[in-house]
Amino acid sequence: MLKKFKFKGINKETNYFEGWYLKLISKNNKAKAFIFGVSLNEKDPHSFIQVVDSNGSKYFRFSVDDFFYNENLIFINNNILHPELLKIDIP
194 MLKKFKFKGI NKETNYFEGW YLKLISKNNK AKAFIFGVSL NEKDPHSFIQ VVDSNGSKYF
254 RFSVDDFFYN ENLIFINNNI LHPELLKIDI P
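For what it's worth, my numbering labels the leading residue of the sequence shown as 194, then goes sequentially.
Some clues are possibly wrong.
[What the hints assert, rightly or not] When the alpha-carbon atoms are kept at most 27 Å apart in a straight line, the in silico BS3-like pairs for lysine-lysine are as follows: (1) K225 <-> K280; (2) K280 <-> K216; (3) K280 <-> K251; (4) K280 <-> K220; (5) K251 <-> K220; (6) K251 <-> K223; (7) K223 <-> K280; (8) K216 <-> K236; (9) K236 <-> K251; (10) K216 <-> K251.
Quick caveat, the hints were computed from the structure, so don't treat them as lab data.
None of the values given here were measured: they were computed from a predicted structure.
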């Protein structure tokens, strides 16, 4: 069964963090994880995508306004995370 993505911070404005991830494993057993997150705080509110694999991790930062949640879909800019869909548009 696939994990559902729910955003629990709908009424939160500050001091809140939430993240979701999807881990993919290739046929030759190489793993890559895509973490979508939103950090709501006074000093540095932002959304992000972190990509983690055996070579390390990369952190892609976006405006908090680029984050959107709708019916089990997480959107950050042109990127989409869903239990059955991953669309990545990062440099």
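Could you grab the alpha-carbon distance between K236 and K251 and see if it respects the 27 Å cut-off? Roughly 22 Å separates the two Cα atoms, so the pair holds.
Hinted pair K280 and K216, Cα distance within 27 Å: 13 Å, holds
Check the hint pairing K225 with K280 against an upper bound of 27 Å on the C-alpha distance. 14 Å, holds
Does the alpha-carbon distance linking K223 and K280 stay inside the 27 Å limit? 19 Å, holds
Do the alpha carbons of K280 and K220 lie within 27 Å of each other, as the hint requires? Distance ~20 Å between K280 and K220 Cα, so the pair holds.
Is it true that the CA of K280 sits at most 27 Å from the CA of K251? Distance ~17 Å between K280 and K251 Cα, so the pair holds.
27 Å limit on alpha-carbon distance, applied to hinted pair K216 and K251: 15 Å, holds
Quickly compare the C-alpha distance for K251 and K223 to 27 Å and report which way the hint goes. 17 Å, holds
Take a quick look at whether K216 and K236 sit within 27 Å of each other, Cα to Cα. Given pair K216, K236 is violated - Cα atoms ~30 Å apart, limit 27 Å.
Do the alpha carbons of K251 and K220 lie within 27 Å of each other, as the hint requires? Satisfied, since the Cα-Cα distance of roughly 23 Å is no more than 27 Å.
Violation of the numbered hints given earlier is confined to hint 8; every other hint is satisfied by the structure.
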